[in-house]
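Sequence lines, in order, name chains A and B. Residue numbering for the first sequence follows the numbering used here, beginning at 1 and increasing consecutively. Residue numbering for the second sequence follows the numbering used here, beginning at 1001 and increasing consecutively.
Simulated from the structure, these hints should not be mistaken for lab results. Since the model is a prediction, treat every value here as computed from it, not as a measurement. Note that the Cβ used here is the ideal one computed from N, Cα and C, for glycine as well. Among the clues, some could well be false.
Just so you have them, the derived chain A footprint on chain B, three or more residues with Cβ under 8 Å [said to hold, decoys possible]:
{"#": "1", "stretch": "1057–1071"}
{"#": "2", "stretch": "1077–1083"}
{"#": "3", "stretch": "1121–1132"}
{"#": "4", "stretch": "1168–1180"}
Examples of chain A residues lying across from chain B (beta carbon under 10 Å, computed) [said to hold, decoys possible]:
{"#": "5", "residue": "P4"}
{"#": "6", "residue": "G8"}
{"#": "7", "residue": "C10"}
{"#": "8", "residue": "V13"}
{"#": "9", "residue": "L20"}
{"#": "10", "residue": "R23"}
{"#": "11", "residue": "S26"}
{"#": "12", "residue": "S79"}
{"#": "13", "residue": "I81"}
{"#": "14", "residue": "E87"}
{"#": "15", "residue": "Q88"}
{"#": "16", "residue": "V90"}
{"#": "17", "residue": "L91"}
{"#": "18", "residue": "P93"}
{"#": "19", "residue": "Q94"}
{"#": "20", "residue": "R223"}
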Amino acid sequence: MSRPRLSGACIAVLRRDLILAWRRRSDIAMPVLYALIVTMLFPFALGPEDTLLQRIAGGVILVTILLAMLLALDAMFASDIEDGSLEQLVLAPQPLALMLGMKILAHWLTTALPLIVIAPLLAAMLHLPAAVIPVLLLALLLVTPLISLFGGVLVALTAGTRRSGMLLALMLLPLCVPALIFAAGAVAAAQQGLPWLAPISWLAAVLVLAVVLAPLACAAALRIALDC
Amino acid sequence: MTVAAAAVPLLEARALSFYRQDEPVFAPLDFQLHAGELALVEGDNGSGKTTLLRMLAGLLHVAIGELHWRGAPLQRDTCAGEILFLGHQLGLKTDLSPRENLRVAAGLCGCREGSTVEGALAEIGLRGYEDEPVRRLSAGQRKRAALARLLLLPATLWLLDEPYANLDRHGIALVNGLLENHTAAGGVALVTSHGAVSFHGGEPRHIRMHS
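Next up, chain A with everything else stripped away, as it sits in the complex (with noise of 0.2 Å):
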């Protein structure tokens, strides 16, 4: 008999979201594409003002990736407990937090990842300077896994009432925001050539803690969620 390897388990469910997300492409696209929509009319809307534009782009494009993000998430976990899968990674002789770990973060490549790569395309249609582009992606580098792990967790927490998404993101807000003003202020300090380290540095000290916790919060929600 062949012992299940850990690291062999984690590249299973890692490969089986990717190849699933892969298959699912349109629904990769979509958040996407809102978030492109979103950017694109900000400007339309408070003309072509190119002082008043690169105010706001900073907070536009941290709110409109937050929200897009916010679409996909409630399928996190939707269809592993519809079809069974839960089940079964739940039986599965392996650390249920890990497994769920490589669940968000097979979440967090197919759906942040592709926010970010666009983020410098949206930055330019604000006319946020080159200069800045640098803190704001480190920022979404941070903030980003934070929301996918926040998420995680309360997704999990809901998964076994209907119509979850309403209560997902009521919930989702007050952990986002803290971390918006983070974010938001590191922009906005980089913008004025002041020390954005600061903020930073918080997230990042906020993203390893929740790197650790959040799973193990997911599992014993997800074990709950089950037990029904």
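Keeping the supplied structure of chain A fixed, place chain B upon it in accordance with the hints.
Same frame as chain A, but now just chain B:
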């Protein structure tokens, strides 16, 4: 194997019952299963057969009564990897092929000695359908794709919820053959079924959900 080890049942339930919103789902159950035994769980619709299997799998919390596995209380880590549960939801991703689905299962739970994904799929009767998305397979073929796990994964306790549903006559014979081999090798299986089961490896035990 010593006499003492042989005497300890693999699975033992004592006064096991389950309440949903203060309504008893099934009456207190007592049963013992020793290595090589097969049990048929019998009962009407809604009598709690699936609930019992989910409890034995560890998906449902045991609130009333006791469950013992190899003489020790059944806990998540004492029986990790020894239980194979096949429920109504087959646990297959419909966008993946049977081969890909089975590879994920093998990655998570490991493989039995000498078994391969290809071999399991051929034996279960899905030769030629290995790379077809599960979504395009018939209900019976999907069932077979899920049953292929029985051939591939190492497990001592099989919990099969309606394994015969959607299967043709050959499929039913195939499942009976799998159960025979499993119990002959010292495994234990609990099977729920409405249909008549013709099990050739001796008389199966019966667990009635209603006393």
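We went through each hint and held it up to the structure:
Counting residues of the stretch 1057–1071 of chain B whose CB falls under 8 Å from any CB of chain A gives 5; the rule of at least 3 is met. By the rule of at least three residues with a Cβ nearer than 8 Å to a Cβ of chain A, the coverage given for the stretch 1077–1083 of chain B holds, with 3 such residues. Counting residues of the stretch 1121–1132 of chain B whose C-beta lies closer than 8 Å to any C-beta of chain A gives 0; at least three are required, and the coverage claim is violated. Proximity of the stretch 1168–1180 of chain B to chain A, defined as three or more residues with a beta carbon under 8 Å from a beta carbon of that chain, is not established by the 0 residues found.
Interface hint at P4/A: satisfied, since its Cβ lies 4 Å from the closest Cβ of chain B, which is below the 10 Å cut-off. Evaluation of the G8/A hint against chain B yields a held restraint, the C-beta minimum of about 5 Å falling below 10 Å. About 9 Å separates the beta-carbon of C10/A from the nearest beta-carbon of chain B, less than 10 Å, and the hint is met. Hint on V13/A holds. Least Cβ distance to chain B is approximately 7 Å, under the 10 Å limit.
Checking L20/A against chain B: minimum C-beta separation of about 6 Å stays under 10 Å; hint holds. The beta carbon of R23/A comes within 5 Å of a beta carbon in chain B, closer than 10 Å, and the hint placing it at the interface holds. With 10 Å as the threshold, the beta carbon of S26/A stays out of range of chain B, its nearest partner Cβ sitting at about 13 Å, so the hint is violated. For S79/A, the interface hint holds, the least distance from its beta-carbon to any beta-carbon of chain B being 8 Å, beneath 10 Å.
Hint on I81/A holds. Least Cβ distance to chain B is approximately 9 Å, under the 10 Å limit. The beta carbon of E87/A is positioned within 10 Å of a beta carbon in chain B (closest approach about 6 Å), and the interface hint is therefore held. Proximity of Q88/A to chain B holds as hinted, the smallest CB-CB distance being about 4 Å (cut-off 10 Å). The closest approach between the C-beta of V90/A and any C-beta of chain B is roughly 7 Å, which is under the 10 Å cut-off, so the hint is satisfied.
Look at L91/A: its Cβ gets to within about 6 Å of chain B, closer than 10 Å, so that hint holds up. Using the Cβ-Cβ criterion of 10 Å, the hint placing P93/A at the interface with chain B is satisfied: the shortest such distance is roughly 3 Å. Hint status for Q94/A relative to chain B: holds, with the closest Cβ pair at about 6 Å, below 10 Å. For R223/A, the suggested interface contact is upheld, since its CB lies about 8 Å from the closest CB of chain B, less than 10 Å.
Checked against the numbered hints given earlier, this structure breaks hints 3, 4 and 11; the rest are met.
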